[in-house]
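First to last, the protein sequences are chains A and B. Under this note's numbering, the first residue of the first sequence is numbered 1, with each subsequent residue one higher. Under this note's numbering, the first residue of the second sequence is numbered 337, with each subsequent residue one higher.
Hints are computed from structural coordinates only; laboratory data are not their basis. No residue lacks a Cβ here, since even glycine has one placed at the ideal position from N, Cα and C. Worth double-checking, as some hints may not be accurate.
Unchecked claim - Some chain A residues judged to face chain B by a derived CB distance under 7 angstroms, without partners named:
1) S86
2) T89
3) F164
4) V192
5) A195
6) F198
7) R299
8) G302
Residues per chain are reported as follows:
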Amino acid sequence: MEQILKALLAVVIGVAAAVAYFYGSNKLLDLIFPSQTKDPADGARNLRVSGMIRPWLFLGPALLSLGVYLVYPVVASVWYSLHGASGDTYVGLANYRWMFGDSEFRQSMFNNMLWLIFVPALSTFFGLIIAWLTDRIWWGSFAKMMIFMPMAISFVGASVIWKFVYDYRGEGSEQIGILNAIVVAMGGEPHVWIAMPFWNNFFLMVILLWIQTGFAMVLLSAALRGIPEETIEAAVIDGANGVQIFFKIMIPQIYNTIAVVWTTITIIVLKIFDIVLAMTNGQWDTQVLANLMFDWMFRGGGDFGRGATIAIVIMVLVIPIMVWNIRNARKEMEGR
Amino acid sequence: MHKVLLTGVASLALVAGAAQAADLKFAPGEDSRFNWDSFTQFSDSHDLSGQTLTIFGPWLGPDKDLIESVLAYFEEATGANVEYSGSDSFEQQIVIDTQAGSPANIAVFPQPGLAADLAAKGFLTELPASAGEFLSEKYAAGQSWVDLSTYEGPDGEPGLYVFPYKADLKSLVWYVPDNFDDAGYDVPETMEELKALTEQIVADGGTPWCIGLGSGGATGWPATDWVEDMMLRTQPPEVYDQWVTNEIPFNDPRVVNAIDEFGWFAKNDTFVDGGAAAVASTDFRDSPKGLFDSPPKCYMHKMASFIPSFFPEGVELGLDADFFYFPAYEGEDLGRPVLGAGTLFGITEDSPAAQAFIEFLETPIAHEVWMAQSGFLTPFKDVNPEAYANDTLRGEGEILTEATTFRFDGSDLMPGKIGAGAFWTGMIDYVGGQSAEEAATEIQNSWDTLK
């Protein structure tokens with residue numbers, strides 16, 4: 001209750017302060033450089049000056065927060081990555097040398113590659129197929145709703161749910177994990193799914209697939225509906241079958257959306273952290289970069305140099321995909 | 337708008353009022369086992385009305401209720417408002433909080449290594465000299481507790497930075513006396529007998545052990561306790577000290593042997609409930625429940641003194657569940673070594689209330705309130721042993737005082753990245769099939785990269 005009140009108060013104060021800033025600073029600018037002056041030449045000059053200042057006035061807060069929340073952390077991370085554990089002794093590139101020789105880091109890179117290969121491709125693929133199929137059945141919206149629902153659950157929440165799916169109880173006792181229950185019911189032996197090196201990576205990926213397929217489906221479904229009817233009608237008249245229409249007519253027309261969905265999920269995958277932390281904390285060979293970074297940064301007093309070094313690697317990997325994503329989006333805008 | 341604000345303020349005041357009227361578990365002055373004089377004395381000399389004290393610690397669930405029952409007395413005595421919050425990612429969160437400059441007033445460290453790291457970085461406030469005097473005079477084996485709490489500060493000068501409060505005893509094996517009686521088993525006095533009993537139970541068609549290493553982000557730690565106990569039972573304590581400081585490498589044959597001693601129990605499918613594969617994935621909080629199934633899923637569970645907090649509802653200690661000392665080898669002549677641990681209270685954000693709280697921990701009543709419930713042992717000599725809730729706890733207290741060797745949990749003394757990282761992962765890998773030699777070498781490699 002107290003928290004809710006405080007939060008509400010913070011929202012009210014925050015909005016009021018923003019309004020006051022924009023309104024007040026604007027007013028102040030008009031007061032300092034009035035456009036209605038005795039000498040019209042003065043007025044025109046004032047108008048020009050205030051016109052030059054005004055955009056910065058409005059951009060100011062955004063630029064400031066960008067600086068504080070984006071630029072400064074990047075600079076600080078680079079600086080930390082060149083320093084020792086507590087961030088006060090300069091060690092040059094020692095952290096980078098350590099990193100490439102570290103088996104846990106190489107393991108994380110390998111696992112991240114696995115995630116990168118499978119998760120964006122599969123969730124885009126499933127999203128596309130589901131979007132296409134649900135558009136042509138009468139209970140399609142219901143199916144869509146069910147598939148979209150996991151999007152509303154946090155990664156950690158989803159992990160807790162899936163922990164129950166993969167739960168393992170000793171052989172002979174009742175299996176409360178649904179996967180093991182099915183396996184046992186079919187006459188198999190229960191397995192400790194999340195402790196099976198290599199394969200457990202895929203069991204963790206399923207969780208992200210479960211969450212992200214809904215996201216891909218919604219965007220792709222909208223894109224599919226945006227396809228002009230005429231092109232499909234023309235294809236039907238030309239005698240194309242359903243599969244041909246899908247692959248030769250529809251897919252090429254929504255190619256841009258597919259690319260956006262793909263790259264967005266790729267960036268999420270590169271930053272994947274919550275699921276691994278909640279499910280295995282990187283044990284049983286499931287370590288990924290973001291979790292490794294968190295481990296070095298904050299576990300047992302923390303090593304800020306090495307943590308920051310891994311953070312830099314993640315950033316370097318994300319940047320090209322992001323640039324490509326933005327360039328693509330911009331190209332699409334130009335076309336309209 | 338005015339009206340809305342007023343209502344908001346009014347309900348705020350109401351909430352604040354409700355938070356202060358905390359319930360006391362034992363009414364002051366009523367139970368003669370408690371040292372109520374210390375409570376009234378403390379109450380008379382401290383007035384912190386209107387102040388708020390925030391405490392951040394690793395306790396959740398039943399343990400959270402227990403610490404809050406103690407904190408209620410501090411609130412009652414001083415009028416301060418105490419807010420405790422717990423996290424099972426305490427190790428990470430405390431580093432984030434201190435670095436971000438917004439820690440709680442008091443942090444409850446389960447690991448001296450972590451506290452030492454923060455002290456060196458200047459995030460802990462040095463405690464007054466009176467706290468050091470108190471520890472060396474009033475705690476059994478006082479000097480060892482002072483040593484444990486003394487770290488180098490940011491200037492490199494050693495100082496007392498944390499206050500140990502609440503001890504855990506690790507060298508315990510829990511069992512259900514009825515099950516032992518039914519099967520005709522006796523409590524083993526030596527490690528040789530314990531191993532023979534383990535084989536006997538398998539021969540009789542039962543499963544001797546429940547072992548669970550799962551603990552969320554800290555998965556693996558229960559195995560480190562096994563290995564440490566085995567170190568103390570196969571090597572003199574000096575070797576143990578050299579091991580935790582890495583004077584001898586982690587993959588020294590003596591350490592590898594201790595790991596294999598643990599593996600003798602944990603890596604044998606017939607010895608553990610669910611088979612060796614279940615060991616790493618079973619949550620340590622669920623693990624002891626197998627003792628109480630009918631027929632029992634296992635007969636024994638090696639775990640520290642806090643574990644009754646996780647026993648099923650209605651289990652009565654001493655009657656439905658009991659413990660015996662995890663025995664030493666008769667053939668090794670190393671006495672009665674005991675492995676223990678405890679929590680350490682440090683001031684992460686200084687305030688008068690924080691200082692007063694450390695003084696509160698020096699009063700007998702702060703110990704007795706928790707003693708009278710469960711999962712609490714104290715080396716404080718001025719408390720009334722009668723206050724312990726039952727014979728089980730009193731018995732644990734005795735083991736603590738009868739020990740010929742006492743050592744603090746080794747993984748907590750190692751650097752955080754090892755004791756709360758590589759060691760855990762190494763034990764998971766070991767249970768998962770790696771050899772002790774391989775696992776130990778990997779841990780040593782991690783340790784090497786820290787130097």
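Taking the hints in turn, this is what the structure says about them:
At about 6 angstroms, the closest approach between the beta carbon of S86 (chain A) and any beta carbon in chain B falls short of 7 angstroms, and the interface hint on this residue holds. At a threshold of 7 angstroms, the smallest CB-CB gap from T89 (chain A) to chain B is about 13 angstroms, leaving the interface hint violated. Hint status for F164 (chain A): violated, given a least beta-carbon distance of 12 angstroms to chain B, over 7 angstroms. For V192 (chain A), the interface hint holds, the least distance from its beta-carbon to any beta-carbon of chain B being 5 angstroms, beneath 7 angstroms.
The beta carbon of A195 (chain A) comes within 5 angstroms of a beta carbon in chain B, closer than 7 angstroms, and the hint placing it at the interface holds. At about 12 angstroms, the closest approach between the beta carbon of F198 (chain A) and any beta carbon in chain B exceeds 7 angstroms, and the interface hint on this residue is violated. With its C-beta approaching chain B no nearer than about 6 angstroms, R299 (chain A) sits inside the 7 angstroms limit, and its interface hint holds. Taking 7 angstroms as the C-beta cut-off, the interface hint given for G302 (chain A) holds, the closest approach to chain B being about 5 angstroms.
Hints 2, 3, 6 from the list above are not met by this structure, while the remaining hints are.
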